[in-house]
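Using the sequences and the accompanying hints, generate a full structural model.
This is what each chain is made of:
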Amino acid sequence: MKNILKISFRNLKRNYRRTLLTASLITIGVIFVLIYTALSGSFKSYTVGQITDSMLGHIQIHKKGYVASVDNLPLDKNLNAKMLEFVESQIKDNPFIASHSYRIKFGAMFSNFTSTTNIRLNAVNPEDELATLPLLKDRITDMNGTLKPGEIIVPELLIKGMDVKVGDTIVLVANNKNGSVNGINLKVAGILGQVMGPGGRDGYIHIDDAKKALRMNEVEVSEIVLKLKDVEQLKQAEKSLQPILEKMNKMGKPVFEIHTWQQLTPFYNIIKMIDLMNISIQIILISIVLISILNVMMMSVFERIREIGTIAAIGTPPLTIVKLFLSEGLMLGIFGAVLGSIVSMGIIYVLGIIKITYNFGQQTGLILTPHLGINQILSVSIIVIIISLIASISPAFKASRLDPVEALRSY
Amino acid sequence: MLKAVSLKKVYTSGEVSLEVIKNFSLEIKEGEFISLVGPSGSGKSTVLNMLGCLDTPTSGQIIINNTSVTSLNRTQRANFRGENIGFIFQSFNLIPVLSVYENIEYPLIMVQNLDESERKKRILKLLEEVGMLEHKDKTPDKISGGQMQRVAIARALVTNPKIIFADEPTANLDSKTAHMIIELMKKIQKEHQTTFVFATHDEKIVANVDRLITLIDGEIVEDKRIVR
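Protein chains in written order, with our numbering: chain X, 1 to 411; chain C, 1 to 228.
Hint data in this document are derived by calculation from the structure and do not stem from the laboratory.
Treat each hint with caution, since some may be false.
[To be verified] Within a straight-line C-alpha distance of at most 25 Å, the following computed SDA-like cross-link-like pairs (lysine to any residue) qualify:
| # | chain 1 | residue 1 | chain 2 | residue 2 |
| --- | --- | --- | --- | --- |
| 1 | X | Lys398 | C | Thr58 |
| 2 | X | Lys44 | X | Ser99 |
| 3 | C | Lys142 | X | Arg306 |
| 4 | X | Lys2 | C | Lys121 |
| 5 | X | Lys44 | X | Gln263 |
| 6 | X | Lys2 | C | Pro140 |
| 7 | C | Lys136 | X | Tyr16 |
| 8 | C | Lys125 | C | His135 |
| 9 | C | Lys8 | C | Glu219 |
| 10 | X | Lys13 | C | Ser91 |
| 11 | C | Lys8 | X | Ala407 |
| 12 | X | Lys44 | X | Met273 |
| 13 | C | Lys187 | C | Leu133 |
| 14 | X | Lys13 | C | Gly145 |
Predicted, not measured: the structure shown is a model, and the values here were computed from it.
Structure, rendered in C-alpha cells:
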C-alpha cells in the first residue's frame with residue numbers, strides 16, 4: 001500500500017498545477033463551510049444561551065392549557081399546592097435537573113404617578129431564579145444585591161418610556177383571578193435588559209409581593225422553570241419527566257404540560273434554519289469536491305491510458321489499478337481537508353482577536369466568538385475525504401477495466 | 001514451453017466480421033529467439049498480444065508452461081503475465097513519474113511483492129547488465145531512447161520471466177542503438193535462457209533470430225529455423 005501511495009503522490013505531483021487547482025477548490029470549500037459553521041455556531045450558542053440561561057430555562061412545567069393562553073397570563077391556570085407537591089416529588093431526585101424556580105406570571109398596570117402603562121411580570125424567589133437562570137444577573141443593571149420584597153426590576157424600554165429611575169417608587173395595580181383589584185407600591189431596584197422571544201420584556205418582582213398584590217391565600221405558581229445539568233441531554237431529561245405528563249385528573253385528563261425551550265421560543269425555528277443552511281453549505285461543498293475530483297480523475301485516466309495499458313500488461317492486477325486511482329483521489333481529499341482545516345482555524349483565531357460585533361433586534365454590540373470544535377473539523381474533513389473517494393470510484397474502475405491492448409495502442 | 005493450437009481472432013464491427021488470425025498453431029521451445037515477420041496488417045501484433053495473454057483468441061487454445069491461459073479470467077491473466085511473461089514495447093512505455101530504478105522495481109512491488117533486499121539485489125544486477133547503473137536515479141525524461149529501451153528490457157527481465165514478447169522494440173531507435181539493443185537481448189537470451197518472441201519489420205532483428213515465422217493475412221506461410 002505504501003508503494004501505491006508513493007506512486008499516487010507522484011502522479012499528483014506530475015500535474016502539480018491541476019492538482020493545486022483542485023486541492024485549492026476543496027480547500028476553499030472546506031474553509032467556507034468551517035468558517036460559516038463557526039460563525040453561525042457562535043451566533044446560535046450565544047442566542048440560545050441568552051434565551052435559556054436568562055429567560056426561559058431549559059424546561060418549563062405548567063398546568064395543562066397554560067401555554068396555549070400564555071399571552072393572557074391567566075391566573076386561573078396556576079399550579080396549586082397539591083400539584084406543586086407532586087411535581088416537587090418528581091423532580092427532587094431527577095439526575096438531569098440542576099435547579100428549579102417557581103414563577104407567578106401576571107399582568108398589571110404600572111404607574112409612575114403621572115402616567116400609567118401595562119407591564120408583564122415574573123414574580124420569583126430571586127435565589128432560585130438566579131440559580132436557574134445564571135445569565136439573568138447580566139441582564140440586570142444599576143442594582144445593588146438581589147431583589148428584595150418591595151422592589152421591582154423594570155424592563156429598560158419601560159424605564160425609558162415611563163421616565164423612571166432606579167430608586168423611584170411606582171405603583172402596580174393588578175386584578176386577581178376573582179377580578180378584585182389591588183395595588184402595591186414598589187421601589188425600582190434595577191433595570192432589566194431585554195432579550196428576544198416571549199418573556200424578553202417581562203419585569204421581575206419578589207414572589208411575596210405578587211402573593212400580596214394578587215391576594216393569594218394559598219401557594220400558587222404559574223410555571224416551574226427547570227435548569228438541566230447538561231443542556232445536551234434535553235431529550236433524555238424531557239423523557240425522565242414523563243410521569244408528570246402521565247398524571248391525570250379525576251376526569252382522566254392530563255394535569256400538567258411540559259415544554260422544552262425549543263417549543264417555547266420561535267427563535268428555535270431560526271436555529272433550525274441555521275442548521276438547514278449549514279447542511280446546504282455542506283451539500284455545496286460535497287458537490288464542489290465531487291465534481292472537482294471526478295473531473296481531475298477522469299482527465300487523469302484519459303491522459304494516462306497508455307500508461308495504464310503498460311502497468312496492466314506487466315501484470316498489475318485490476319484491483320491494484322483501482323487502488324492506485326482511489327489513492328490519488330484520497331490524497332487530494334486529505335490535502336484539501338487538512339489545508340482547509342488549518343487555514344480555517346487560523347482565520348477563526350484572527351476573528352476571535354478582531355472581535356466582530358453585530359446587532360440582533362434591539363440587542364446591539366453583540367460580540368461574535370467563533371469557535372470550531374474538533375468534532376466539526378473532523379466531520380467536515382471526513383465528509384470531504386469520503387466524497388473524494390466516492391468521486392474516484394468511477395474513474396478508478398474505468399482505468400481498471402481498460403483493455404491493455406487498446407490502451408497500449410492509444411496515443 | 002508455449003503451445004498455440006488453432007487460434008482464431010475475429011473482430012466484429014456491427015454486422016461486419018473480420019477474421020484477422022486464421023487457424024494459427026505454433027510451438028515454442030525454451031530459450032528460442034524468434035521473430036514474427038510479415039507485412040503490415042498480417043496479424044503479427046495480434047498474435048503477439050494473444051500469446052502474451054494481453055488479448056484472448058476468439059477460438060483456440062494457448063498453453064504456457066502447462067497452463068491453459070485461454071481459460072483464465074482477467075485478474076488471473078494479469079497475475080500470470082506478472083509471474084511468467086515480460087514485455088518490451090516499441091515506445092518503451094516507462095512510467096514517467098518513476099526513476100529508472102523504480103521503473104524496474106515496479107513489477108516486483110506491484111506484481112510479485114518481493115521484499116526490499118531481494119528487489120535491490122535483482123535490480124542492481126540487471127542495471128549493471130543493461131549498462132544503466134549510473135543512471136538509476138534519473139527519470140525517463142532525462143535519458144535517451146536507447147537508454148529507455150535498456151530500462152524497459154531490464155523491467156521485462158526483473159521478474160525472471162520464462163518468455164519475453166517484444167513488439168517492434170527497435171522501431172524508435174537509430175540504427176546504432178538498435179544494434180546495441182539487439183546484442184543486449186541476445187546476450188540475455190544466452191545467459192538467462194530466456195525465450196524472446198519479436199514482432200518486427202526490422203532487418204537487424206531478423207538477421208539475428210534463430211527462427212523466423214512469416215505471417216500473411218493471419219496465417220503462417222513460413223516457419224524457418226536458421227542455423228548460425
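Verification of the supplied hints:
Proximity of X/Lys398 to C/Thr58 is assessed by CA-CA distance (about 24 Å); at most 25 Å being required, the pair is judged to hold. A C-alpha spacing of about 24 Å is found between X/Lys44 and X/Ser99, which places the hinted pair at or below 25 Å, so the restraint holds. Taking the CA atoms of C/Lys142 and X/Arg306, the gap is near 20 Å; set against the 25 Å cutoff, the hint holds. Restraint check for X/Lys2 and C/Lys121: the C-alpha separation of about 20 Å stays at or below 25 Å, so the hint holds.
Proximity of X/Lys44 to X/Gln263 is assessed by CA-CA distance (about 16 Å); at most 25 Å being required, the pair is judged to hold. About 22 Å separates the Cα atoms of X/Lys2 and C/Pro140, which keeps this hinted pair within 25 Å; it holds. Using a Cα cut-off of 25 Å, the hinted pair C/Lys136 and X/Tyr16 holds, with the two alpha carbons roughly 24 Å apart. Between the alpha carbons of C/Lys125 and C/His135 the distance comes to roughly 14 Å, so the proposed pair stays at or under 25 Å and holds.
At roughly 10 Å between alpha-carbon atoms, C/Lys8 and C/Glu219 fall within 25 Å of each other, so this suggested pair holds. Among the hinted pairs, X/Lys13 with C/Ser91 is consistent with the structure: their alpha-carbon atoms are about 23 Å apart, no more than 25 Å. A hinted pair counts as satisfied when its Cα atoms are at most 25 Å apart, and C/Lys8 with X/Ala407 qualifies at roughly 22 Å. Between X/Lys44 and X/Met273 the CA atoms are separated by roughly 11 Å; this keeps the pair inside 25 Å, and the hint holds.
Among the hinted pairs, C/Lys187 with C/Leu133 is consistent with the structure: their alpha-carbon atoms are about 17 Å apart, no more than 25 Å. Between X/Lys13 and C/Gly145, the direct Cα distance comes to roughly 24 Å. Compliance with the 25 Å bound is thereby established for this hinted pair.
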